[in-house]
Every structure is written in structure tokens, then in C-alpha cells.
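Participant: In case you want the letters, here they are:
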Amino acid sequence: MTDALRLERVSFAYGDVTALAEVSFALGPGERAALLGRNGAGKSTLVRLVTGLRRPAAGSIWVEDWDTRDRPPEQLARRVGSMFQYADQQLFARTVRDDVSFGPRALGFAAPEVQQRVGRALAALGLEAHAAHHPYDLPPAFRKLAALAGALALEPRLLVLDEPTAGLDRALRARVASALLERAAAGAALLVVTHDLAFAAETLERALVLDRGRLACDEPLAGLLAAPPRLEPLGLAPPAVAALSRALGLPGAPVREADAARALARVAAGRRAPLD
Amino acid sequence: MTRLHPFTLLALAAALVALAWLLPAPWGAAGTLAVAAVLALFSGAGLTPGASPGSTGTGMSPGWRPGLVVLRTAVVTAAPFWLFLFILHDVSTTVALGLRITTMVASVVWLVAVLAPARLVEAMVAAGWRAGTAYLFAATLSAVPVLKARAQRIVEAQRCRGLSPRGGLGPRVRALRALALPLILSALHEVDERALALESRGLVPGARRTPLAPPPDRGAERAVRWALVALCVAALVWRLA
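Top line first, the protein sequences correspond to chains A and B. FYI, numbering that gives the first Met the number 0 numbers position 194 of the first sequence as 193, with every residue one higher than the one before it. FYI, numbering that gives the first Met the number 0 numbers position 112 of the second sequence as 111, with every residue one higher than the one before it.
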């Protein structure tokens, strides 16, 4: 099966400053990867390379069978949906619905198809009630969701998101997680830059950690989060659930809330009550 | 050049603009434009790698390249004026007005490239100006690179949603419209936030600010500034006589 995304020894520099050095990895369809690392590790640069906004100085990036060096971003948008850190600045239509429909219309889909895609994207993020609002009348968190809906409406094979949950409360983060899991189940690969490891633990399955431009770690996310001594040198801290699991010595060291709750319930069921 | 006192830089730019309009065209304006072009070419002198003098924010490397970027910006900005002048006027008027307008544009672009807003604020506060007035000048200068960077981000985000900024007139107009709204709205939004941030940090009408590192104002520079004023007055008297 063709990889949704493949990086082959990709390097990039800003002048004399190396941003990425020989980074290689591949994402299969439906795979959910977190791109982690300290500020300045090269995460946003990698996003810009994958979306075609920059070209690698060395190596190559493939989105399925497309080499990103041969495709401008507007062409890559047929396969790559993206959202950047300053997502709300990309909103410009008079209503949320118009804005979300911008991508599918720009790519030339027929009107019924556009309507369906917009409807699905708005529903996935619970934005139907705001569809007729002006984007700038919404709070920043909802503007972020509107921008994400714009990326989802493209229904791309690869979603590249830079900090999709920054500034969102727990309920809105859950909406984002649910929408992303839905897209992944439909076969889209996810590459999510995030510092929100609790969100990552709930939503993503693979950890790609950049450290000073190099790929320092590529492994299952749950295993990495359950090993705090390995996280610290990478500038990461375990999410609360992972820390609690470890402190309590829960079997399997779960990092997701539901898994930890089940483990706790099993432990509690197997223990006698204090007064017995 | 960036080490010159901010008032000297302002005086140079203002004198060039004034002389371009006061001196007889086309040679007077051609002379001032030549001076402005030379200043623009040397605007990168003294820069360290990855750093700009203050407001350009382009991370240019030292040497000729920053100067060429400044010059190119001035030429690109002035080009539409030449087109409209050519449509509306005869050749001699087009040349006369075009040179003057290009001098104005080149002087302002050069000033934005070499004048660090923070140094201007320090210089104005040290000279006894109110902090609010100083900030008004500095904010105007610093808005240019900020808006430029924001516009870049917006265009990139839109390209990733399938909007091509290339092609014929139609796609370009669409792209421009799609850029203008978020750029203006976010800028207006930022005005509110900046005003609150400034007030919450004590920038209220009438307040005096303590200058921490006022730029040195050498006697020679003061003399140059007065000489520029005298030159402009002399040109005015000569033209009126």
C-alpha cells in the first residue's frame, strides 16, 4: 500500500541555521502520529515542508506518489489538509459555512459535493449552530474550530495540523479528538504537532520526536509517555494520567483516561474493602 | 547608518522628500532620487547575520543584499505611480512627477529599513516628547513588517486550502480580496489589544517615560540636521524668488 506521507533524508536550513537534518519517516493511511519536541526543534518547519510552502534543501517528501518539490501548495491541497498555528487568521468569508466551503470550491468540486463535505466537517466539530455566523463574531477557540473544519472539508488523505488544541477547553478538545479519530478511521493519515500530550495520548498512536532538527524518536506514543525518564531529555513531560498510572503502578502503565479508569477498576475490584 | 541618531535619519528622509519637490524638475528630483538610492543601497551596512536594523524584520544577511532588497521594494512600490502618471500626463510631466514620487517612496522605504522604532521612542522620550506621541510614531513604523509577516501567513494558509495567487486577473483579484479582509480585521483587532496592553503598563496621557538607553546625539549630527533644514529653506527661498 502507498504511504500517505514519506520523508526521505530531508534536510532544511534557514541561512546557516539547520532546522532539519536528514529526517526520514513514513505514515501509512489511517495512521495517527504526534510530532513532538521542544520549541525550535523543527516541527513547524517540517509542517511547512510537507504542505509545500518550503522545499527541502536535501532529500525528498512524497505525498502518496506526489513529490512535493513538483507541486505548489494549492495543488497539494487536493491531498493534504493543513491548519497552522495562527489558524484564525486564515478565515475571511462572511460566514463560517462560506469559509469552510472555500477549500472544496477552490478545488472545483461540484456544488452538491461541496455542500455534503461542508455539512460533514461542521457536524464533526459541532459547529452547525455557528454556520451562519461571521467567523470574527466567534470567540478565538471557535474560530480555530472553523479553520479546522476548513481543512476537514477537503477530506484529504493526509491531515497536517499545527497545535490544533492550543487555547481550547476540555470540551472543544474532545470535539477535535473525535473529529480526527473519525477522519483517521476513514483512512486519512494524521500528523499533529502538539505540546498537549494529554490530547496526544487520547487521540494519537505514534510519536515522532524532533530534537534540534533530528528525528530523535519514532515509536508507539503510549510506550514513550509511560517512560518519564526518556521524556525529560526530549523536553517533554508525561501527561497527568501517565504520571498517575506510573505512581500507582497500574498494570500496563495506561496513558489514556479510559484505559487508566479500567485498570483502576480492575485493581479496586480485586482488593478487599478496608472494613472486611 | 543604523547607528545614526533617529532624528538624523528622519531629517535626511524629510529633506530628501522636500528637496525633491522644491528643486526644479527633472534634475533636482533626479539628484535627490540618486541620493535616496545610494542611501537605500547602503542601508544594510553594519548589519549582523540574521538581524535587521530594527523594523524590517527580514533577517537579511549583511552586505549588498539588504540594500538591494530595500531598493527593489522602493522600485516595485513606485512602479504603479509611473504607469498612472504616464496614462494621465505627457512624458515630461510624467518624468518630473515620477521622479519626485519615487524619491518619496525610496526615502520612506529606506527610513523604515534603517530606523528601529524602539530607538526612535527612546530618542523622542529623551528629547522630552510624551511617551504616547513617541509610541504613535513608532507604532506606525513597526506596523509595516508586522503586517507584511501576517499577510504572508494568511496567503500561505490560503494556498494550502487551494487558493492560487497566480494566474490571470480573476484569480489574483480573488486572492487579494481573500487577503485583505483577514489582514484588516486582525489589524483592527490588534489595535484594541495593544491599547489595553499599553494602558495596563502605565502608558496613559500625560505620563512621562524614563529613557533607559537614549541613542547618543553627537554634535556633528545636530549640525547636519540644522544644515538640512537650512538647505530646504534656501531651496524654498530660491524657488519663490
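Note that these hints are calculated values from the structure, not bench results. Heads up, the beta-carbon is just placed ideally off N, CA and C, and yes, glycines get one too. It cannot be assumed that every hint is accurate.
Between beta-carbon pairs, the in silico distance windows are [what the hints assert, rightly or not]:
| no. | chain 1 | residue 1 | chain 2 | residue 2 | range |
| --- | --- | --- | --- | --- | --- |
| 1 | A | 246 | B | 2 | 51 to 61 Å |
| 2 | A | 170 | B | 86 | 55 to 65 Å |
| 3 | B | 151 | A | 268 | 27 to 37 Å |
Covered stretches of chain B, going by a simulated chain A footprint (3 or more residues, C-beta under 8 Å) [unchecked claim]:
| no. | region |
| --- | --- |
| 4 | 154-162 |
| 5 | 179-186 |
Participant: Now tell me if each hint is right for this structure.
Facilitator: Status of each hint after checking the structure:
1. A:246 with B:2: 51 to 61 Å: holds (58 Å)
2. A:170 with B:86: 55 to 65 Å: With Cβ atoms ~58 Å apart, the hint holds.
3. B:151 with A:268: 27 to 37 Å: violated (58 Å)
4. 154-162: holds (count 8)
5. 179-186: holds (count 4)
Hint compliance for this structure: hint 3 is the single one not met.
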